[in-house]
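If you read the sequences in order, they're chains R and B.
Add 93 to the 1-based position in the first sequence for my numbering, that's all there is to it.
Add 93 to the 1-based position in the second sequence for my numbering, that's all there is to it.
Think of the hints as simulated: they come from the structure by calculation, not from any bench.
Each hint should be verified, as a subset may be incorrect.
The list makes no distinction among identical chains, and a pair is therefore deemed to hold if it is satisfied within one copy or across any two copies.
[As the list claims (entries may be wrong)] Only pairs whose alpha carbons sit at most 27 Å apart, straight line, appear in this in silico DSS-like list of lysine-lysine: (1) Lys-499 <-> Lys-276; (2) Lys-147 <-> Lys-286; (3) Lys-268 <-> Lys-124; (4) Lys-213 <-> Lys-147; (5) Lys-371 <-> Lys-286; (6) Lys-391 <-> Lys-563; (7) Lys-579 <-> Lys-491.
There are 2 protein chains.
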Amino acid sequence: MLATKHQNVIDNAVKANQERTYYSQYPEHPKAYGEDAHAKGLQSYQQLLGKPFKQLLQSGETSWTGEEVSPYTQEVLGITYPVFPVNDLLQKAATAGKSWAKVPVPERAGMLTETLERIKDYFFDIANATMHTTGQSFMMSFQASGPHANDRALEAIAIGYQELERYPPELTWEKPMGKTSIKLYKTFRPIPKGTAVVIGCSTFPVWNTLPGVYADLITGNPIIVKPHPKAILPIAIVVSIIQQSLQDNGYDPHLCQLAADSSEHLIAKELCEHPAVKLIDYTGNSAFGNYIESLPGKTVFTEKTGVNAVILDSVKNIDAVMQNLAFSVSLYSGQMCTAPQNIFVPEHGIQLGDGGIMPFNETVQLFRDAVVSLVNNPKMGAGTLGAIQNEQTFNRAKEATQLGGKVILQGAPVVNEEFSNARVLTPTIVEVTSADTDIYEKELFGPVVLIIKTRDTDHSIQLTKQMAAKYGAITCGAYTNDANTKEKITEEMNSVFTPVSFNFTGFIWVNQHSAFSDFHVSGGNPAGNASFTNLEFIVKRFIWVGNRELAE
Amino acid sequence: MLATKHQNVIDNAVKANQERTYYSQYPEHPKAYGEDAHAKGLQSYQQLLGKPFKQLLQSGETSWTGEEVSPYTQEVLGITYPVFPVNDLLQKAATAGKSWAKVPVPERAGMLTETLERIKDYFFDIANATMHTTGQSFMMSFQASGPHANDRALEAIAIGYQELERYPPELTWEKPMGKTSIKLYKTFRPIPKGTAVVIGCSTFPVWNTLPGVYADLITGNPIIVKPHPKAILPIAIVVSIIQQSLQDNGYDPHLCQLAADSSEHLIAKELCEHPAVKLIDYTGNSAFGNYIESLPGKTVFTEKTGVNAVILDSVKNIDAVMQNLAFSVSLYSGQMCTAPQNIFVPEHGIQLGDGGIMPFNETVQLFRDAVVSLVNNPKMGAGTLGAIQNEQTFNRAKEATQLGGKVILQGAPVVNEEFSNARVLTPTIVEVTSADTDIYEKELFGPVVLIIKTRDTDHSIQLTKQMAAKYGAITCGAYTNDANTKEKITEEMNSVFTPVSFNFTGFIWVNQHSAFSDFHVSGGNPAGNASFTNLEFIVKRFIWVGNRELAE
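Assemble the whole structure, with the sequences as input and the hints as a guide.
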């Protein structure tokens with residue numbers, strides 16, 4: 094029984110999530126996976142290039158499609174994926190879902206944890222696939238698409254396991270009626286909502302996809318994964334492992350299907366609008382996200398666009414702060430949904446730990462220097478920046494010097510010793526005034542950082558809050574030594590459902606959200622309506638139905 | 094501390110809800126409330142007639158409105174209610190909400206339970222007010238608007254209490270990093286979504302309103318109650334008690350405001366579309382419910398229209414079944430959202446406990462006779478039927494003989510000895526064929542029952558399922574002695590998120606849903622998107638926000 098085999102893992106995950114403590118089932122260090130794992134993974138990845146991807150346990154394709162380009166080599170991967178008619182996908186999903194819904198919850202949880210154990214053996218294949226579709230560095234590709242994604246998946250399994258077993262499956266209910274009583278035999282069944290679609294994005298094709306996939310599966314719903322046409326391979330590998338693992342254990346592999354499409358013929362709308370589709374998870378731009386949220390009769394979970402801010406008020410160690418911020422804005426070239434974009438600095442400067450003041454211009458200069466020093470560090474620069482996923486982001490970032498405001502640092506190429514052709518551009522830093530709302534009140538996706546001069550910290554807080562309420566925010570970094578200011582920032586930002594990370598220095602960055610402890614996206618502002626992983630993310634995927642019968 | 098005072102009640106409610114066992118904090122028998130309670134309640138009610146309702150702790154009204162008519166006397170009540178500008182209501186709600194959000198959860202739960210204890214002292218006033226606005230019998234008015242509504246409110250408090258305390262408010266998170274570790278101090282705060290509006294209906298102005306009111310309040314949101322203009326008094330009394338109770342304990346009474354309006358100038362749209370309103374609970378017709386569900390940026394809970402069915406396959410004691418069904422369709426003249434409307438009977442009749450068959454026509458006749466016998470029973474008839482809430486329902490029911498099909502029983506007046514002018518009409522029973530979808534595929538609100546002749550029980554199941562999926566259903570009654578048929582009905586109806594009640598006879602009816610055990614409306618079919626009271630009903634009203642700080 095897979096339920097028994099993995100019971101301990103699931104119990105630990107439930108407990109950690111409940112207590113919000115540190116827990117990780119899948120070590121984040123590549124070294125934990127053996128000496129030759131890296132080389133073997135690279136080899137496996139390379140063997141996939143230039144061929145049709147045949148690992149899926151799906152048949153009946155009407156054509157093959159593929160248009161992925163490596164941001165590191167700027168060459169096409171040449172891999173093609175089978176294309177299936179939407180109706181065919183939906184019919185197979187419905188059939189697979191019907192029997193899956195009857196599988197007892199502990200066995201479902203065991204089976205799904207088993208798929209994660211199998212995925213673990215392919216972390217390095219998936220890492221290389223992620224690198225060459227998203228432009229993430231190898232380390233981020235490994236961690237985000239491997240252990241961190243698996244941990245988020247396990248978190249969804251654990252909460253689902255807990256919630257689906259919340260009520261007794263059967264009981265006798267007895268209502269006293271004076272001398273007699275009425276007895277009813279009652280059953281409570283969590284009924285899955287129906288076929289689910291999970292729409293992936295081009296920057297985090299696995300990490301942003303697995304929570305929805307596993308939340309749907311644990312609650313009994315069959316799913317169709319619709320990846321971004323430019324980042325199919327990482328999730329295609331994952332789906333193929335899930336399918337093989339399901340089949341090996343006697344389950345229908347069509348419980349989890351891949352629905353690749355092409356830029357010329359996108360199928361997301363056709364899928365989402367189909368009456369058979371009941372659940373939709375979506376990561377991507379706000380325009381399409383808002384459209385999906387507006388579809389009647391669907392249960393929708395979105396992560397859309399946000400604009401994240403940092404509030405600088407006072408610091409203890411200015412160098413440590415600047416190094417931390419420089420890393421946060423440079424990591425994966427600002428293409429993380431958690432990356433800061435707008436840094437709010439009071440015009441009178443920021444207070445230092447020794448009681449002194451660092452004037453505004455010097456603060457800006459220090460930040461600039463920290464970025465320059467990081468990106469030009471031969472051991473750090475290229476690895477931190479990774480590559481830019483697509484040409485449009487690259488061009489938009491290059492043109493950031495034309496945004497208006499004062500250009501503090503112009504983005505420049507950096508040599509990537511391993512990939513001389515990599516699409517790389519260091520962050521552009523532009524200083525603007527608080528009146529320049531047309532510049533800073535939108536997401537400038539990629540390596541673009543704005544420094545906004547404000548009257549004072551209260552003004553910074555006011556603008557940051559306003560931005561989060563209007564345009565959404567996933568993170569907010571803040572630096573202050575003052576307890577009242579800290580409480581004020583917390584109150585104000587929390588009131589627009591934005592979490593705050595205070596005084597991060599050293600090996601922890603505002604960009605990181607840890608499974609089992611941190612909620613990723615609050616679900617309360619325009620950055621998205623869902624959260625990894627709160628209860629809503631799970632309980633909206635099934636319906637409790639109670640049946641009653643007169644007991645004899 | 095109110096938290097301490099009521100801790101036991103809340104703990105018991107949490108436990109019962111978790112275990113889905115029988116629990117009642119508020120006895121449903123009027124006798125439990127003392128000998129003179131009834132007379133005093135009637136007197137209090139009578140003193141309210143013909144006057145402005147001045148018990149609310151709200152000021153700044155711009156006019157007074159009132160248009161209630163007793164379904165029992167068909168005379169106007171003559172009570173007027175203050176009318177407030179929408180902006181004024183919203184501003185006061187926002188102010189009250191701001192401090193309420195900071196009240197610790199146990200104290201919030203204690204305060205809210207205290208309001209229920211205070212409401213208890215007014216159960217008889219509220220019962221009379223309910224009777225003379227909704228047309229419910231005294232007994233139903235007492236139970237539905239009194240103990241049953243309070244129990245549902247307590248259920249919402251209990252689940253909220255449990256969920257808001259789900260995560261530790263603060264903790265140290267430590268991530269091992271080889272020889273060292275990273276330590277973060279984390280806090281988790283459940284942040285209320287914002288101002289809430291609860292829109293009531295004319296038939297259950299308290300029972301359908303309190304779950305949303307208490308779910309909003311326990312999760313920290315200020316609320317505005319917008320009753321149906323023809324059924325204000327019962328909930329006005331409740332709101333006034335809540336306000337007084339809040340004020341007596343040092344809280345802002347504007348946490349719970351009444352927003353009465355008139356048929357000429359309805360304010361529901363203005364309220365719901367206002368950007369300050371974040372949460373909406375609604376009970377009423379599907380057209381307006383669908384409009385509310387479509388509003389972007391709102392968290393919406395609806396109970397709309399459904400068409401409930403009974404599937405007759407086989408019975409043990411045909412008389413007991415017919416008596417049970419006759420009561421179910423007659424109770425409050427079919428104006429309960431849980432009342433059966435469509436009774437599906439196979440053309441070859443139904444199987445009896447002794448192995449015999451009751452032919453179709455005789456089954457219909459037996460049902461007719463059971464209804465006639467019940468409604469004409471001088472001790473039972475008038476009290477079971479109550480009165481019809483409004484003229485339109487009355488006229489529509491009278492015209493039910495023109496629907497098409499074969500009229501089995503024509504609705505007729507019944508003498509109500511206490512109220513000779515009561516708006517009463519016994520159920521009209523019409524027999525139709527399964528092809529008459531235009532007749533039975535819609536809600537015929539009020540005392541109208543259709544008997545639908547089907548090929549066999551499988552056909553009955555198919556039609557019942559189809560109806561529930563397309564038009565919604567809140568209940569489904571079924572009678573069968575066959576285990577396979579029982580499982581099939583359960584499977585099929587549960588797949589369209591409709592609970593089934595099997596073989597009810599005696600003092601238990603399909604219409605009844607018990608607090609702490611039965612879910613009312615599943616939330617999965619067109620009858621409504623919400624459920625009293627599942628987790629979704631609570632957790633969608635607040636957002637978990639986690640803040641982090643580098644620990645020194």
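- Message: Flag every earlier hint the structure violates by its number, smallest first.
- Response: 1, 2 and 7
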